[in-house]
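Throw the hints in and build the complete structure from the sequences for me.
So the sequence lines, in the order shown, correspond to chains A and B.
With numbering that gives the first Met the number 0 as the guide, the letters of the first sequence map in order to residues 0 to 619.
With numbering that gives the first Met the number 0 as the guide, the letters of the second sequence map in order to residues 0 to 619.
These are calculated hints, taken from the structure and not from any lab test.
The structure presented is a predicted model; accordingly, all values stated were derived computationally and were not measured.
Note that beta-carbon positions come from the ideal geometry of N, C-alpha and C, so glycine has one too.
Please note that a few of the clues may not be correct.
[As the list claims (entries may be wrong)] The following residues of chain A were derived to be distant from chain B, with all beta-carbon distances above 12 Å:
#, residue
1, P173
2, R409
3, F418
4, F432
5, A494
[Unchecked claim] Take a look, some chain B residues computed to stay more than 12 Å from chain A by CB distance:
#, residue
6, P138
7, L257
8, I376
9, A498
[Stated by the list, open to error] So the derived list for chain A, only partly shown, Cβ under 8 Å to chain B, looks like this:
#, residue
10, L464
11, A466
12, N473
13, I476
14, S479
15, L496
16, T577
Take a look at the letters that make up each chain.
2 protein chains.
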Amino acid sequence: MVNKFFDLLIGRPLANEQSSREKYNVPFGLAIMASDAISSVAYASQEILLVLVPAIGLLSYKWLGNISLMIIGLLFILTVSYVQIIKAYPQGGGAYVVAKENLGIKPGLVAGAALLLDYILTVAVSSSSGVAAITSAFPVLVPHKVLLAVVLIAILTILNLRGVSESAKVFSVPTYLFIFSMIFMIIFGLVKYAIYGPSSSMQMIHQNLKPMGEISIFLILKAFSSGCSALTGLEAVSNSVPNFKEPGQKNATIVMVLLTFAILFIFGGSSLLARFYNAVPNPNVTVLAQIAYGVFSGKTFMFYVIQFTTAIILIMACNTSYTGFPMLMSVIARDGYAPRSFATKGKRLSFSNGILFLSIIAAILVVIFKADTDLLIPLYSVGVFLSFTLAQTGMVIHWNKTNEKGKNFRRAINGFGAFITLITTCVIVYEKFLLGAWVIILLVPIIVLGFLHIKKHYNYVARGLRADEDYVKNCGIGQSYNHLIIVPIASLNKATLGALKYARSITSDVIALNVSPNKEYMDKLKIKWEELNTDILLVSKYSPYRAIVTPLIEYIGVISHASSPDEKITVVLPQFITKDKSGQILHNHTSFLLRESLLRYDNIVVSTFPFHLNPGDDEE
Amino acid sequence: MVNKFFDLLIGRPLANEQSSREKYNVPFGLAIMASDAISSVAYASQEILLVLVPAIGLLSYKWLGNISLMIIGLLFILTVSYVQIIKAYPQGGGAYVVAKENLGIKPGLVAGAALLLDYILTVAVSSSSGVAAITSAFPVLVPHKVLLAVVLIAILTILNLRGVSESAKVFSVPTYLFIFSMIFMIIFGLVKYAIYGPSSSMQMIHQNLKPMGEISIFLILKAFSSGCSALTGLEAVSNSVPNFKEPGQKNATIVMVLLTFAILFIFGGSSLLARFYNAVPNPNVTVLAQIAYGVFSGKTFMFYVIQFTTAIILIMACNTSYTGFPMLMSVIARDGYAPRSFATKGKRLSFSNGILFLSIIAAILVVIFKADTDLLIPLYSVGVFLSFTLAQTGMVIHWNKTNEKGKNFRRAINGFGAFITLITTCVIVYEKFLLGAWVIILLVPIIVLGFLHIKKHYNYVARGLRADEDYVKNCGIGQSYNHLIIVPIASLNKATLGALKYARSITSDVIALNVSPNKEYMDKLKIKWEELNTDILLVSKYSPYRAIVTPLIEYIGVISHASSPDEKITVVLPQFITKDKSGQILHNHTSFLLRESLLRYDNIVVSTFPFHLNPGDDEE
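Shown next as structure tokens:
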């Protein structure tokens, strides 16, 4: 019944052979990958103006253009770089794989850890900001913010567990709605401006903006690093190449290029509109809303379309994480640096453990931070730019190793990209260190150490278990052991008798071991034992301190130490099984404790002999 | 190391033979048993006055005397009854055993459940009120009330786990301090009153107390039932007869009689003093404090001694529960109505499971009710009087069955006692129903049903396991089985090779079962298998839905159903053991799940073959 419920929720299991059905074609791939990147575009112009306007007033609009051009330049460098990464590393993993292959495993893990943290934060932040959009429409829901955000995460989890293609279908509609309404607004706004020029009301605002300071390198860098939030989400495609339908690399490249042009058009267009319509950063109305207000002449239908699709795309943004996180985690797990279960596909061919892990951690963050995004946002984008830097640096080394045509030019592009993203990373860390970026700086090495520890453990296990050809040939299957079987018993009942019979049928060396704190019971058992008329040896040990497990283990331990290598000791534990699972709690857990303790000895096999109580006896 | 820490905390284990050292002599027994009973005396006069004064003003002091006499009468009836119970039922268990033996098991369990609830409430209430006394002295601790109460419970737990004689030693000092300072105050107060007469300030208070109503049967009953709180704790001795040093019954009887006289003197004396010194109930100053103020002429040294010892005795009160609860629980468990582990003595010969259970439930109550006693107190004393009534009724039946001298007189006493305690129970339930007594009325039958369910389960298990003489003689130990062994393997490594070798040494019918979602791995295994050159059958099953456990169990299940009764199937699960326990979490839990699922089949024995990784491999 539980299984049926899950099947209903998540869908019927899919066989390995249905794998390709669960992959993206170009339109769905773009919808999934675009949501994170494009949603951050919605705020980038505003972030730049927020830095510039208080410092240099009217001059900001000129510099908004310059800085937007710089960011677009970086966008192209990153796109070229990631297209190369997709080509060079079709197995996915993006920055992690590039850094690992070219810079070594530790830089790779740093890039991986940074990206993973960013994915988790994306889910926590966008579910919280999505709920903020809902609660500002329906204030009665404000007290239930945390619950709503967790429910949102739960819905995303279920959709993603159903598999990538289904979640792509669900999420592609709002993404395209947003993209097309933004494109419409930009074209309409530019045409309108070309025909009518600036509106008079805007001129008035202009006059209030006196330049208060001068432009400086530092200010430019600060505005640039703030605007760089437009570029987060760009790396998602490169992490998820294997999620694309064949030809995977080609499809991923097309999506990457389309995504870049979408960002270019929406970011560039909205920066231009912000300048032409003179949007002023304002805590109550977003720059995007001001643009829409200006372009569509007030709170018209299209104004609301823009507002609505923006709110939706912010919620959708976390879905990119649901693609990136499990994929990256599976690549890291396949390399042995994360628990292997992250590399196994679930019933619906999605990396269900990664999806669940992402959801749980994000939900915990939402609960801890009470669905308040202000505390989470500064932790953001450090990770992305750290991984950009490492990926670009990795690509520089990559070009050194190859002999492809034009490698010098490409290396130069990546080198320049590495330099710019490094500076951006440093600026972001500097600006946001005390606001929370220190948490990331602290967590990344901790996670990397965890990865390394896991790898070390897997290596140790693999080395310990490895059986080479010689070992296999000489392992001596078919040789006989001298079997000694010990059956711990408390009394003679159907379960213990069954176990004794089983033991005696394997070997003639069987010891029935009775440890009791009650001498009277011990004597009773001895009398009953006579009736058995068997050659099994009954060993009775009195336990003055009432412990049962410890004396049993001590006795078995002594035998184990005295045994020869060709002797194998098996401890058979009689265990009765009741129909009703809840009944198990009433029976003493001696056999569970015994099992766990006995596995410490390396020449003792622990068997459980089940005795099923007749269900008919249950009725009185 | 953990063991050493516990030894330090709780003391070294004690052997069965040291049992008598852990029992009470008369003085320590009185100290343990008296704390609950005597601490309630501290409030009884106040409870009576609280009912009377608002209704009949000055007349209250006359009726305080009358009602106190009625309660003392009931005290004597209960004492006589409990002395008889101690004599008749030396194995302890008090009301539970008496009701069970004479009225049937269900009334017995009702009495038991009611008492157990009362014990739990006593611990929660007295730890909370003890903390209230501490925080009123040190208000800075008020925010930590709940923590302090839990710490107090933890300390009591440790002391009681150390064993009864040690906790008696610790707790006897404050109990005797309280008893002696109360006796001193009563004698001093009476002598002072005899010499000097009422003080003039008291006369003034007198004139303010106009009679506002008339005395009524109902008012008398209400005051009587409130005052009856003086009698709670009286039953503890009868529950704990086996805890006394030999001769147990005689020592218990002496303690019972001494306790009665202590209650008589302290309750009667403080009622008299309340009358002579005209204490008036007041939310800020307790009646006892007013008496002490009057007797010792203001806030003198002795005033503070009375205050201090009263506070201590209130905390100590819960220690009576720590004696009564585990003892009663062990008696019920020995009868099979509670989990058996409550009947086993711990390292220090105390019923450690009962002590821990009491502490945990009481601590949960403290946390839920935030260490606020107002909500817990009304739940109190319903249980005690319910058990009094059942015990007295049981004794009436008991006298019917015996032919002892004076049985008619004794039966009359118990009958009268049953009648009075029944009325008291009804009055308490009526007065406190909505304040919380309904919780007890609801919980008692639930607990009783739980007890009966447990008994039913134990009976079912015992019936199912019982092997009579015929069964033992004919169980056929020595007959042989056809052994078939199945070894689930994922690859050929040292652990699986070891398991295969072990299996092959028991029988020639061994199947190596490989379930894999990866055809490539399956083929690799087949090639490696050839090298083994063995007659063990390798069965490979492809799992398109990537599940491992389910196909394994299905396959084994099919074999299990097809097997004949003289065939025994053993599934050997290879399991590698790492030095470091935490590493286990990284390995898939297939073998754990398999074990649990396979035990469903009644002809499958599940063995774990341990392979210990060489610890030396751990270092890189």
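We went through each hint and held it up to the structure:
1. P173: holds (32 Å)
2. R409: R409/A clear of chain B: closest Cβ-Cβ about 36 Å, beyond 12 Å.
3. F418: holds (36 Å)
4. F432: holds (33 Å)
5. A494: Label violated. Min Cβ-Cβ 6 Å, cutoff 12 Å.
6. P138: Given a closest Cβ separation of 31 Å, the condition holds.
7. L257: Answer for L257/B: holds, closest chain A Cβ roughly 33 Å.
8. I376: I376/B is indeed farther than 12 Å from all Cβ atoms of chain A, at 33 Å.
9. A498: violated (9 Å)
10. L464: holds (4 Å)
11. A466: holds (5 Å)
12. N473: This interface hint is violated because 10 Å lies over the 8 Å limit.
13. I476: holds (5 Å)
14. S479: Result: holds, 5 Å to nearest chain B Cβ.
15. L496: holds (5 Å)
16. T577: Holds. Min distance 7 Å.
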